Structures are given as C-alpha cells and as structure tokens.
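Visitor: Each chain, written out:
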Amino acid sequence: MSGGSGAPDAGYLGGSAAPGGWLGTRDHKRIAVLFLGWSLGVFLLGIVYAVIMKLRAQSGIIDTHTYHQMLTQHGVLMVFLYVVPAIPSILGHFVLPLQLGAANMAMPGFSLWSFRFYALGTLCFLVSLFFGPTAAGWTFLTPFALTGEGAFMLMAAGLCLAALGWLVTGLNIIVTVHTRRDSGVGFFAMPLFSWGIYLAGYLLAAVGSLFAIIIVYLALSRAYAGGIFGPQSDPLLWQHYFWFVTTPAAYFALLPAVGVIGDMVAGIARKGFTGYRVTVGAMIALLGLSFTTWGLRMLGTGLSEDLGVVFAVLNLATAVPVALIAYCWLATLHRGAVLCGAPTTFVVAFLLQAGIGVAMGLCLGSLAAGRYLANTLFVTAQSHYLMMGGVMTALLAGLHWWWPKLTGRMYRQGLGRFAAGLYLVGLNLAFVPQILQGLAGVPRGVYTLPAELAGSELVSLTGVWIMITGLVLVASNLFGSLFDGPAAPANPWGAATLEWQAESPPPAGNFAAPPRAAADPYVG
Amino acid sequence: MGAEVPPSRPAGRPNPALLGAWTLAAAALAGWAFVAGFGGFLDQAVAPFGTYDIAVTARQWSWSFTYPNGWTADTLHVPLDRPVRLTLASEDVMHGLSVPALRLSEAIVPGRAGEAWFEADVADTFELRSDIYSGDGYSGMRTALIAESPAAFDAWLTRVSDIFSGRTDVEVGELLYNRKGCVACHSLDGTKRVGPSFLDAYGHEVETRDGGRVLADDAYIRESILEPNAVIVAGYEPVMTPYAGQITDREIAAVTAWLKTLSGHGGAEAAAVPDTTGADAGQKETE
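Protein chains in written order, with my numbering: chain A, 85 to 608; chain B, 60 to 346.
Among the hints, erroneous ones may be present.
Said to hold, decoys possible - Partial chain A-side listing against chain B, Cβ under 8 Å, derived: (1) A403; (2) Y411; (3) A453; (4) A458.
These aren't lab readings, by the way, just hints derived from the structure by calculation. Predicted model only: the values in this text are computed from it and were never measured. Note that beta-carbon positions come from the ideal geometry of N, C-alpha and C, so glycine has one too.
For reference, chain B alone in the conformation it holds in the complex:
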C-alpha cells in the first residue's frame, strides 16, 4: 500500500438544507425527550392534597416506617388508590429510596428532610431498596412495599399497632418503658439518672421534697406518670414531662404491673401491706 493511494480531492460544502433539516430533527428529538419527561417530573415533584403520610428512616443498613398513629414497622404497607407521601430522613450516610415498580427513586440526604410521593394502584408486594451505595450492607438494604386495599390496610395497622395483642401486661409495660422514653431518665439497676431508678420503686416509701412520705402504690404511680409535679421526690428536680393524654389507663396498668416485678416490695405482698404502711406514713407525717 502507500504509494499508489490517490491524493484526496476537495470536499463540497455541507448542503445547508440537509444540514438544517438534520439538525432540526435532532433538536426536535431532544425537544420531544424534554416534553415527554417534563410532565412526569413535575407530577413527582409536588404531592397532591390529602396524602396519607408515612415517615421513612434509613440507616446503615435497615429501614423503618412510622405511621401517623406512631406505630413503627420495618416493611412499608400502603393503602391502594390513595396518594402516599413519604418524608425521608437518614440517621447516618446518604441512602436512596427506590421502588422500581412505582418509578420511585429519591436520595435520602442526612441532615435534610426529603420527600417523595406515589400512588399504588395494584395490590401487590414490591421491592423497596436503597440505590445509593452506603457500605457493606448496601446490597441487603431492602424490604417489602405491600400495597393492599384500604380495608386490609386499616385492619393490618390496627392489628399490629395494638400493643397488647400477643403480649402479657408485664411485657407491654417493659415495651412502653423503652418506647415512651422513660428509659432516658429512669434506670433499672438502682443508679440515679435524671429521675429515680425503677428498681424497688414500687411499694417503697417515698420521701417527698417537702419532707413528707408517700407509699408508692398504684395510685401514686398513676399520679406520678400523669401529673409528675404533684408530688416531687426528694433530691430530684420537677423535670418529668406530664404524660397525661399520651398514655392510656390500660397502659398505665401495664407499666404498674411491670414495675411490681422489679420491686422487692411488689406483687401480692405490697398489695396486702398498703393499709399498715399507709397508716405508718400518716403517723410519721403527723409526728
């Protein structure tokens, strides 16, 4: 090869009509791509009124979903044919909420409140997973999105969020201790935190700040939870949040039942004693 190759010949100029038509066609294609995607994009951006709101929390490497009644689950159940709005939060690094079947993909940025919405129109179970790399557990960071009829959804939520179903009162009491945040101020091993320890609390004789003594019986426990500032324990500040309106009678009974199991003065013994100790306390007060 080489020597025999003929020299290049000059080129013509581009045909303006063809070039113009070709470029217009490309621009039209791009324009079409824009228009095709614009509607869907705006739709996704703004949630309609009347959404059902669920709070999503992502962390390395699991999900939790909190429903309007405060119930938290690790799968996402949603009612059919109703727009669902997810508020997104991350506890650590970036994650992504992705449900391909519902064309949903939204980054969850730590320190920023994100939002996404969708409406499921077939009853089915979809995969929900993270689509932003977050470390070793990333591949396994997935769970189920279960779309079901509104009736089935309501039935599910009532069943799971009934804290008493399948639990004894004592178990419920312990659960509430953790869930309602008592754990932050009350220890179970006798150490003093912001508030007195729950160890041996039930049935013991409480020294109050103004020098009195009260027996920690059912009524006292109830009052201490609903209106903690009515009687202040000696050596503590009146800083406990009143739980009135945030806890049911049945739940208080459960907490009380559980407190009894933590106490040497608890159970039947304590129930039998009140009269005498009550009298003692009364006596001391008068002395």
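Excised from the complex, chain A in its bound form:
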C-alpha cells in the first residue's frame, strides 16, 4: 500500500487513499472518523433533550408526559448510544492499530460492520421516535415498561443492533491485540491506552451479547404479555439482569478513559510511566470487579442483608485499584516537564471531575447512606460526574491529544485551554446543585421540583449553558483547525508511543517505514 497517492498531507483522508470510499471503508482510521461524526450527532440530540428538560423548571415548556418521554430518550441516547461506546469506537478504532504498529485492525470487515450496526441501531431508535416515543424510563423497570404507549419493539431493535455493534467491536479489538502487534511490541509493553481498549474489548463482547439478548426478551415479553420478563414474572428479575449488564457497561466506558489519561499523563510529563505494571494490574482488577457490583443498585428492594454487605464490600474494594491508578498518574506527573497545552488542561479537568465522581461512589457504597441516596438526584449527579466529567472529559482530552494525528492539523492551544476551563466550571455549576438536591432527598425523574429549589435550579441551568459554550468552543477550535490550522508534524508532543512515528495524518497503510518499538512504550 502506498501512502502518498493523494495530496501529500491528506494521508488516509485523501480521496483515493482507501478503497471503498467512506461508507464502505475498511480502514480503521476512516471508521473512527465515521464513528466520531455519528456519535457527535447523537450527543447533540442528547444535549438538546437535556436543555429542554432543564428549562421545564423555569418555563414549563413541556408537560409531564413529554418530560418523561424526553428523560427516557436522553438516557437511552447518552448511555447506550453515546458515552458507553464512544471511546472504544472512536479513539479505539483510530489509535489501537497505530499504537501496536499495525496496518489495520485484524478484521477490517468487523470494523465496518461495527459502524453499520451502530448507525442502523441509532436510525431504528430515531425512527421509533416518530412512531411513538416510549416513556418507560431508560432503565425499563418492569412491569411498568410492559405497558404504556410507544414503538417499543422498534426501539428495542435499535438497541439490540447497537449492542451487536459492541460485540463486533469487542471481538475485533481482542483479536487485533493478540495477532497484530508489531514484533517489537510485547504484551506487557503495550501503551496503557491499548490496555484500556483491550480490556474494554472483553466487556464490549460480553455485555454487547447479553444486552442484545435481554432487550429483545423484554420487547417480546411486552408484546406478548408473557415470557421471562412478562407480567407474571418477578419484577426484580429484570432489574438484576439490567444492572448486571449495565454496570460493567459503565466500566467499558471508564477503562478506556483510564487508558487515555494514562498515555496522556506520560506524554505531557514527557517521562516514562511510573508504575506501568501496577496500573495494568489495577485495570484488570477493575474489569473483574465490574461484574460483581450490580446489586448495590438494588439495596432497597428487599435484597437480603448478607447480599447487601457482599455487594457493598465488593464495591468499596474498587477503591484500591482506583487509588493505585491515581497514585501512578500523580507519580508520573511529579517532577515532569509538564507540557503546557490544551491536552494538559483536559487531563487536569478529568482528574478533578473523576475524583469527585469516585468520592461520591464511596458514599453510595456506604450501606446506610447508599440506600438512602439510591433513588435521589445524588445518583444522577454521580453518574454525570463519572460519565460527563470522567468519560466525556477523557474523550475530549484524547481528541485534543490525537487530533493532530487524526487530521494533520494543529488547533489553537490557548483557545483549547479556555474551552476546557469553561467546560469544567460549567459542569460543576450544573451538577453540584444536583448533589445538594439529592442529599436533601429529592428523587430523580420528578417533573415538579419543590419551589425552594428554584434558585439552585437556576444555578444549574446557568452551568449547563456555560458547559455548552465550552463545548461549542471546543468544536469550533478543532473543526476550525481543518480550515486554517497549521500542518501538524508527525510528533507534536514529543511522545514515544508508536502512533507518533506515523505521518500526520497517517497514510492508508499507516507506516511508511516499519515503526521502531522501544522496550518501554513511553521512552523512545
């Protein structure tokens, strides 16, 4: 494969560089771009829903029923169609083969189908909105979800397709890591991002297949008023299945985020990574624990006390791997020649936000408190700290880190840092009020908020607008660079991982000359 058939700096983006054009492409980099564009659309829709719901408290622009429909759509879009698959799909597809010194994913057809499943699933879901949006709540509690209007079957089909996309992505990642590593890249010398994606691959495969099955069973149970989750079955059965599947799903969003930050911490400190093996071990531990903590969600449902204690202990046990990882990040940053650019600001934002999310998780893991808070806005706030503050910030950090590689362009560092700052401030203004409301016992998903919360809701709404301003600046900075950004060198950050040995943007086959891997992935 020749890298330079298009314009010299167009790389894989150039028209003739890859067979199959865009929609039929099997090039991992183009797949990543497709995922990026598509998930951006999903994210925008989810944000629009969020803003409209937020405005209800001020202006009552929607009625209760519409509110509950929108809350359901917001949850489904953001959780299943955006935040959970985002990093593995976008950054995973783009960076993994490059980091391993490979020319492509091991199964390029799977790459293409993972995108097709995702796109089709999203389309199915969107079409279902025209036939009738469901208001069952994004956790689909039975028996309530078995009744009520909405094109449930179509929506479930959409989620099933999306979940099959996860499965395909996961298998592709696992096989790629095992068969496509450059001879110089040892298993225990993969960059942490590759580790994060690799471990998430197992979760994607496991959770993808399980979720595809249960959501179809649920839709069938609803359609035929019988079956495993039907009206005759115990309502807790669905909840066990649902949380058993979606708790690890949160981890397959978080593990790649941990990987992104790991690579970036070493990169911006321009040092090797302190405690590489400790971090890998801790990530594997998190993977294992992710399957054992679902029951904490069900403390108030008559779960036996013994089980409650077991789940609480397992959940609190995650504090140890999390602490190990945090230590290694800080130790790596310590005395580093820290690069002063937009990626650094995003990493700092991630550390703060994820830190708050983890601390809140500790409260939820403390049995009596967790039980009291389980159905309050505290949980909503905590998941937003982990998903928006953690995963989304890591995605933004990663996009700023790999953008020069992805597009061959440099964006404005100052603007990027400012945008990151706005995002950070907005996020906290938006969600700290929710923490307080949750502590005061306000349950989630209520349309009418108590009158005394009007003030804190206004603060929260202001925060949402600031956060959105930050995101608009991020987008204008990154996409603006495509038009007027200076060309990016192959290695703008002076990082050592293999992707920086390829051109920016890389040609279709990735490496013009075989990459040279060092024994330590972070010291070139």
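Assemble the complex: chain A is given as a structure, and chain B must be docked to it using the hints.
Guide: Frame of chain A; chain B shown alone:
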C-alpha cells in the same frame, strides 16, 4: 512546536512505601465508609419488637394506609417515639416509599410483601412520596406523614375511624355495604348476583328454601347478617359469610335503615304492616 520538544526520559519505579501508604489510606477510607454505613443498614433491616403496624398500599398514583383497627386513610399518621412498622404492597407497578426526613427509602415491588420501619421523634409533618418512576402521575404521588404525640394520635384515630361521626345512619349503611364487601354478592338494581338484590328486599315476603315464607323485617335482616344460614332464601346457596362478631348492633341498625330506603315496602309503611303480613305468612305456612 514539535521538533524542539525534548525526548521523554525514563521514569523511576513507584516508591513502594509511598504507594503502600497511599493505597492503605484509600482502603482505610473505604473501610471507614463501610463501617459508618453498616450499623445504620442493619438497624433499618430489622424492626424491633413492639412496633405499631400500618399497612401501606401504593398504586398509580396514590397511597393508602390501613391502621390496625381496619381504618384506611390517605395520609400517614404515626405516634411519636414508638417504632412504626410499615408493611408494603403495590397494586400495579413498582413504587418507592421515601420519607427523606426520616432517611427512609424502600422499593415496593408488586407481588412481594415488603417492610420498613422507623421511629419519629419530633412532632411534625413530613413529605412522603414515591421515588421510583411509575408514569405520568409519579411527580404528584406524594402525601403527608404526620408524627404526633401518642395522645393526639389516638384521639385522631378514634375520631376518624368512628364511622358514625358526621354521617346519618342511612349514609353509614351505604358505606358499610361497600366496605364490608356486601357489594360483591348483593346488587342494588334487582339483578341476581351470588345473593339476592337489595332492591325492594326490606319488607318483602321471602320464600325460603324449605318452602316457607318469612317477612323481611328488622329481626330477619339482623339474623340474615349475623347467621345467614339460619334461613336460606329459595334459589340461593348457603354461601354468605356469617358476620357475627364483625359488625356492631349499631351498624346493623344503620344497614337496616339504609335497606329501607331501597325498598318500596320500606319505611313507616313496612313498620306498620308487619302484624298482618306476619299473620298472612303464618297462615300460608299452615295451609
């Protein structure tokens, strides 16, 4: 940027003492979180002896609370300083019982008997609401929990559960018809259910199963309620539950007064007639 960036330098290994101390600190924090929450959790799990028991029923989208004397209300009154045990049931979908002020949050799962307990120690009115989404009326699915001194509580319960206060006897009779379950077997419009209709029942002449005739007067009504199988109406099975011990004399009088209003033979007319009709019936029996 780019070309001038110096290459990365190798990292040191993590300092084992620091790493160990840091991790221990995190584990200690998690351990503390566990210990802090464990006591409260166990406390909530097991109700003490001597609780005052109230049955809670949740449905889309309202609450009802049934007290030990059978009285049902839509707000929850509780006595102060006494452990209260709630048994939880749902008539339709999942609901959640939440009283933030008392740190109470418990799911109510349809088809499962749930339980929660608490003890209120300040006289106040708290918000009690559902915290599990159940559809459009979810936000409004709330009511009041009123904690009051035991004396005030007892006074409240006696006042509201006295069915006669503020009602005429006829109104009480109709209420009992619904509450005591007569409605399941007796219609008011002449149609036959499990038992005969109450329309025109009072004062009419009843054909008994063994061929006799009885006048449906006060004494007959009383007997039919307390010991329904003493006389069986022709064409019916002896399946009515004896209400002896479950209904007071005053309540029977109220039901009787109400039955009279449903009957063409009722009221003063019927009261005046008994002797003659009674004699008729007696005659027919002898014939």
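Visitor: Check each numbered hint from earlier against the structure, then list the numbers of those it violates in ascending order.
Guide: Structure breaks no hint.
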